[in-house]
Amino acid sequence: MKQMLKLDNLAGGAVQERFNQALKEVMENIADPNTDWKKKRKLTINLTFETKEDRDLTEVTIDTKVSLAPRSSVGTKILIDRDLDGEILGTEFKKQIPGQQAIKVNTDTGEVIDSREEQLEPGLQLVK
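Everything in the sequence shown is counted per our numbering, starting at 319 for the first residue and increasing by one.
A hint or two may mislead.
Below, simulated SDA-like cross-link-like pairs (lysine to any residue); rule was C-alpha separation at most 20 Å, straight line [unchecked claim]:
{"id": "1", "residue 1": "383", "residue 2": "407"}
{"id": "2", "residue 1": "358", "residue 2": "348"}
{"id": "3", "residue 1": "360", "residue 2": "385"}
{"id": "4", "residue 1": "422", "residue 2": "401"}
{"id": "5", "residue 1": "356", "residue 2": "380"}
{"id": "6", "residue 1": "422", "residue 2": "408"}
{"id": "7", "residue 1": "357", "residue 2": "383"}
{"id": "8", "residue 1": "358", "residue 2": "346"}
{"id": "9", "residue 1": "360", "residue 2": "380"}
{"id": "10", "residue 1": "383", "residue 2": "343"}
{"id": "11", "residue 1": "324", "residue 2": "367"}
{"id": "12", "residue 1": "357", "residue 2": "347"}
{"id": "13", "residue 1": "413", "residue 2": "398"}
{"id": "14", "residue 1": "383", "residue 2": "366"}
{"id": "15", "residue 1": "324", "residue 2": "334"}
{"id": "16", "residue 1": "360", "residue 2": "384"}
{"id": "17", "residue 1": "383", "residue 2": "348"}
{"id": "18", "residue 1": "412", "residue 2": "394"}
{"id": "19", "residue 1": "342", "residue 2": "364"}
{"id": "20", "residue 1": "383", "residue 2": "364"}
{"id": "21", "residue 1": "320", "residue 2": "374"}
{"id": "22", "residue 1": "324", "residue 2": "335"}
{"id": "23", "residue 1": "395", "residue 2": "407"}
{"id": "24", "residue 1": "395", "residue 2": "413"}
{"id": "25", "residue 1": "357", "residue 2": "385"}
{"id": "26", "residue 1": "412", "residue 2": "397"}
{"id": "27", "residue 1": "370", "residue 2": "380"}
{"id": "28", "residue 1": "358", "residue 2": "388"}
{"id": "29", "residue 1": "360", "residue 2": "336"}
{"id": "30", "residue 1": "342", "residue 2": "401"}
{"id": "31", "residue 1": "383", "residue 2": "341"}
Hints listed in this document are in silico derivations from the structure and should not be mistaken for laboratory results.
Model, not experiment: these values are computed from the prediction.
Work the whole structure out from these sequences, hints included.
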């Protein structure tokens with residue numbers, strides 16, 4: 319066969335373009351820190367040839383397919399509580415002290431009111 323087809327010119331360069339796009343996807347997936355580095359990636363180029371009985375013309379369908387590593391799951395913990403007005407409250411747990419989603423503050427002085435202080439009988443004061 320004197321005149322051989324070249325992959326980079328096939329379908330007006332579309333095969334080369336598809337390969338480049340698929341290769342970029344694979345490389346981005348490999349570089350993504352949210353994927354498992356151990357998983358194998360795969361890039362497949364399928365050329366499907368369909369011809370008629372006279373065999374003088376063949377239609378070629380070109381497909382590229384990539385198999386990538388899935389993104390890793392991301393997890394967190396959410397503390398669910400009620401605020402001082404009884405409304406539901408959800409906050410992401412980041413090693414804070416439990417019960418500190420809502421803190422009551424005296425608007426006159428700006429001091430934090432301990433919930434234990436509120437339960438003292440009238441007339442008694444807590445001396446610090």
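Unsatisfied constraints (hint numbers, rising): The structure conflicts with hints 1, 5, 30, although it agrees with all the remaining ones.
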